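Asks: Okay, here's what each chain looks like letter by letter:
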Amino acid sequence: MNGEGKGGPLRNVRFGAIGVFVAFSTLLWVLPYLVQSSYVTHILILAAMYSLLGLSADLIIGHLGFLTFGHVAFFGIGAYTLAILTTSCQVPYPFAFLAAGLLSGALSILLGVASFRLSYHSFAIGTLGFAMIAQLVARNWIALTNGPMGLVRIPKAALQIPGLGEITAKSTTANWHLIFVFLIIVVFFIRRLLRARIGRAMHAIRENETLASTLGVFPLRYKLLTLFVGAMIAGFTGAYNASFLSVVAPDMFALEWTTIMLIVVFVGGEGSVRGIILGGICVAVVPELLRMVPSLRMVLYGLILLLMIVFRPDGIEGIVQTYMQNLPFSKKGHP
Amino acid sequence: MSIFLQQVFNGLSIGALYALVSVGLTLIFGVLEVVNFAHGQFFMLASFCAFFLSVLLPRVPYPLLILLTSIAMGIFGGLYAWLVICRLIERSWKVSLLATLATSIIMTNLAIFVWGAVPRIMTTPFIYRNFSVAGVSFNLQRVIILGVALLSFFLLQLFIQKTKPGKAMRAISQNREASSVVGIRIEKMALLTFVVGAGLCGLSGALVGPVVNIYPNMGYMLNLKAFAVVIMGGFGNVKGAVYSAFILGVAEALAAGYITTDYVDAISFGLLILVLLFMPHGLFGKKVGI
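So the sequences go chain by chain: S and C.
The end of the first sequence is residue 335 by the working numbering, with every number in the run present.
The end of the second sequence is residue 1290 by the working numbering, with every number in the run present.
Only chain C is shown next, with the shape it has when bound in the complex (with noise of 0.2 Å):
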């Protein structure tokens, strides 16, 4: 039973990971209807950024740490939407897609060239430790990836639902021409939606990174596992990616621990085609909404 209970634990923080991911994926396309094919690589970046700035400036704080990544990483999302999408936000879905395809080869290339791909291990203060309830371990980093997580989901969810650009957002989502016409500007909105979307892969990548390895090729799975989320979830359903992000991670951990590890990843898209084949609009049904 603890070893069930310490495999549902693991699945949760690794979840939490999927659903940072994927939740700014899954905005993006609601909003824009772009397909960010360059979202793990985006979280790659953020990874590597949050580590050469615990090199760099050892006596920050790693609260301060998260933000200032955050920070980055929405500074990044914020040029690469002005310099590429914004050219592209009126041409046709392939268009955009193929060009985050090819942003997404870029990054993964320039940053096996620049840095190499051996893999980078980044510590901070909570990593080695851990406390133990009913004989489940909880590793206080993963608990905190878990806790930051869901906090940041309940702001996302406030920002989206109460505030002006949220509602700016999901007006585009539900008519991009109609909110045009009632004076919400698109490219300024795009700009925002990535502004969000990547600096959540900065959050993802600061707190993430110290439990994985750092290398440039990391974002690759987690994009192709993101992606299974969000249709599972609903393609632009904010929610649905949550929940399936948090779904896909258990599974994976209890396959782990139970049946094999080498198919683990597999696993997505295994859940990904069952789902499909009897729930074709994705587990929350159709209903898209952000």
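The following block holds chain S by itself, in its conformation from the complex (with noise of 0.2 Å):
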């Protein structure tokens, strides 16, 4: 999936970087076929929420630099919106999943006109209070949202197609291609917005918001742009856990979800996708192998988070880029 060069965007993709995509690609949609066994195809899927996850927080903090910690809100929306549409109103799945993302984008609309007022530091912790205050919500509002005890028996993923009936994605194997495509759709859809307009903007922002605005790059409306995209594809990924756990709680808005977003993008590598696909498994993965206590857990995240940051600043991708460039058939002066 790396490779690209400049110019248009499929037309200089290298044929190898094609071949190693589609080779993975194949691989990891017919793994369930092969390990026969749904513990793998659950971290498989884990893998898929946190890369997901991670990416669209990374549009955030890693291509717009504004570090967030109210992206957990907008995960915890949008499976809160599919819950409620699916199961009180009995709006029809593909309709409640529009609708779950589209709610998490027009509800971080109102987060950044309030938030983007505010200097770094302030907006970090002004994104986190619209977190807390969206777990307070859920969790007090128990006429819509049914407090502590959460919302159960969501139904699975489901398309109607009149006259051929209902597709319903009900094993782990089905819902794991479900969202295997729906990562690649993902990451389609990101690369190609970041050599767009708005990802030139986005970066310019970054670098050096003043100058931006000088050069006619409306800070404000990239800016909400790039949330609102971020919010929508944290909202679907939320709908998708939802119908996916058939089971919603506050504890989706938890501090964990966000801890677990940030290491996905900085140990992956901020600004990156391939390196915060590579964190996500990781992320996945290595608290499996470790098989520990939940608190230990947390604390081994926190140690990784800690010791990457201090020590090793960009990342997985950053080490996967010193290794590939002593590689023979690497492309030199990639960027």
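Hints in this document: simulated from the structure, not taken from any laboratory.
Please read all numbers here as calculations on a predicted model, not as lab measurements.
Each hint should be verified, as a subset may be incorrect.
Unchecked claim - If you want the ones that stay clear, here's a sample from chain C, every Cβ over 12 Å from chain S, calculated:
| id | residue |
| --- | --- |
| 1 | Q1006 |
| 2 | Y1062 |
| 3 | I1106 |
| 4 | L1150 |
| 5 | L1277 |
Said to hold, decoys possible - Pair ranges (Cβ atoms, derived):
| id | chain 1 | residue 1 | chain 2 | residue 2 | range |
| --- | --- | --- | --- | --- | --- |
| 6 | S | R221 | C | E1090 | 55 to 63 Å |
| 7 | C | E1090 | S | E166 | 56 to 64 Å |
| 8 | C | L1079 | S | T322 | 43 to 51 Å |
| 9 | C | E1187 | S | T322 | 26 to 34 Å |
| 10 | C | P1063 | S | Y120 | 36 to 44 Å |
| 11 | C | E1187 | S | Y120 | 19 to 27 Å |
| 12 | S | A174 | C | L1283 | 48 to 56 Å |
| 13 | S | R153 | C | V1212 | 35 to 43 Å |
Positions of the beta carbon are idealized from the N, C-alpha and C atoms, including for glycine.
Can you join these two chains into the complex? Each is in its own frame, and there are hints to help.
Replies: Set out below in structure tokens:
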């Protein structure tokens, strides 16, 4: 998935890179049939979800340059929207799914208008406050969200086609295929986005906001747009998570998810699609290898984050790049 | 009327806690431009420290206990600054923020692992003593909290304004490079700032520990509120933080008394958003200075 040159979106992709990408995705697609273990498939799904959350948060953290702690709110809002629409309102699944992403996006505009007024540190804390308020609402608005008990019996992802009936993702494998396709769509979308005007505007704002605005980039518009896109992806991921687990609870807004997103972004390497996907895989797999008590697992997460930040701020992506430069067929001068 | 006054008094004593914690936070930010995300966990550690001291040394008088806790926390803060913060002080603000966030996660979960999630209760001779004036009942422990907090702010202000290290801190907050040119050792002052900030946490832990439950997650919400207070007061503004802490404490107590207790924790951030919408630089203007 690497090695695209400048220019058109797909024109200059090297055939080797395409080959590697197709081979990898085919392998990942059929892996559940080869391994025959729903445990492994679960970890795959978790890795994909972490990657999606990391990618969407990184739009704001790595590409726009604003550290956000409120991203988890959109994940939770997406999940709750889908849960409420499909259980109490009986909305067909595809519409509920779309509504989940759109509502997350709409609320992100609200958050953005208020909190982009803040300086960088305050932005981080203001967004954290947003996540906290979202969690309080989920916990206390019992008529809508059923409070700390959460909502149960959320239907699995389904697509109703007139004349053909209904396709439902019942098995774990089907759920894995669903999120895998979604991940690939998001990856291509983000890579395309980053080369378009909005992507360049994001990077310009990150490097120097004043300079960007003198060059005709209206910062607030692009900040809100980026936040909107990030929130929408997180909302979709949340909706997926709700229907995959068939339960939502106020825990979906917990600090643990925020921590995981930050670890994925900073251990993976901020501003890099490949690094973040590798980060998502690591965060999903490493705790399973170590099998420990939940509180100790969080200690481990914290330690990884601390050590990575102090000693290796460019993350896994940095390590991969140093390694790749020493390969014989590597392209020199990668940015 | 007496209910109103009662709520105001309760709010002031909670405000004293917020003030003690946020003053350390805003001082650390003002001097070092480090957003210490682990500050609430420092308070948690201080409360546990006070609790274990009171259990292990039951004969020690309460004022000495407060002093011991503050000293212990001061040492902890110094160690932490020496081990982590001094390495990051030249790097971007994001790095130190994430490092302290990681620290807060490590501290909370280690505390859960070591001490369990069951709340502990600490007692002092003053906690069950009340006296009432004009229909308002004053809990002696809360009066002590308020008094010691005000005294310590006075001493802190004296320290920052009059002593040489305090002046050095102010110099660094104004211009770090220039102050290192004139011979101020930045690392040393970073250490000192953390000793003061964590020491204030120790003070608040020993003071407030008896009126709350002591458990590993107790610092989380307090931390968020302290941040709200610090932003409302203007980042790095010590006096602003003290005033907004008391405002927040009273606002929370009144809201809990008259409206609802469900959303008390959201009030700080609701207030914060309101303040920022109308006064983007905080309640006390942009003038930064500790």
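Asks: Please settle this one: C/Y1062 was flagged as non-interface, so is its CB more than 12 Å from every CB on chain S?
Replies: holds, 32 Å
Asks: Taking the shortest Cβ-to-Cβ distance between C/L1277 and chain S, state whether it exceeds 12 Å.
Replies: violated, 7 Å
Asks: Does the hinted range 19 to 27 Å hold for C/E1187 and S/Y120 at CB?
Replies: holds, 24 Å
Asks: Does the Cβ distance between S/A174 and C/L1283 fall inside 48 to 56 Å?
Replies: holds, 55 Å
Asks: Grab the minimum beta-carbon distance between C/Q1006 and chain S and tell me whether it stays above 12 Å.
Replies: Holds, since 25 Å exceeds 12 Å.
Asks: Please test the hint of 55 to 63 Å on the beta carbon pair from S/R221 and C/E1090.
Replies: Roughly 34 Å apart at Cβ, these two residues miss the hinted range, so it is violated.
Asks: 56 to 64 Å was suggested as the range; check whether the CB atoms of C/E1090 and S/E166 agree with it.
Replies: holds, 59 Å
Asks: Quick check on a hinted range of 36 to 44 Å for C/P1063 and S/Y120, using CB atoms only.
Replies: holds, 42 Å
Asks: Do the beta carbons of C/E1187 and S/T322 sit within 26 to 34 Å of each other?
Replies: holds, 30 Å
Asks: Does the claim that C/L1150 lies off the interface hold, with its Cβ farther than 12 Å from every Cβ of chain S?
Replies: holds, 27 Å
Asks: Would C/I1106 pass as off the interface with chain S, using Cβ distances and a cut of 12 Å?
Replies: violated, 4 Å
Asks: Kindly confirm whether 43 to 51 Å is satisfied by the beta carbon distance between C/L1079 and S/T322.
Replies: violated, 33 Å
The earlier numbered hints that this structure contradicts are 3, 5, 6, 8.
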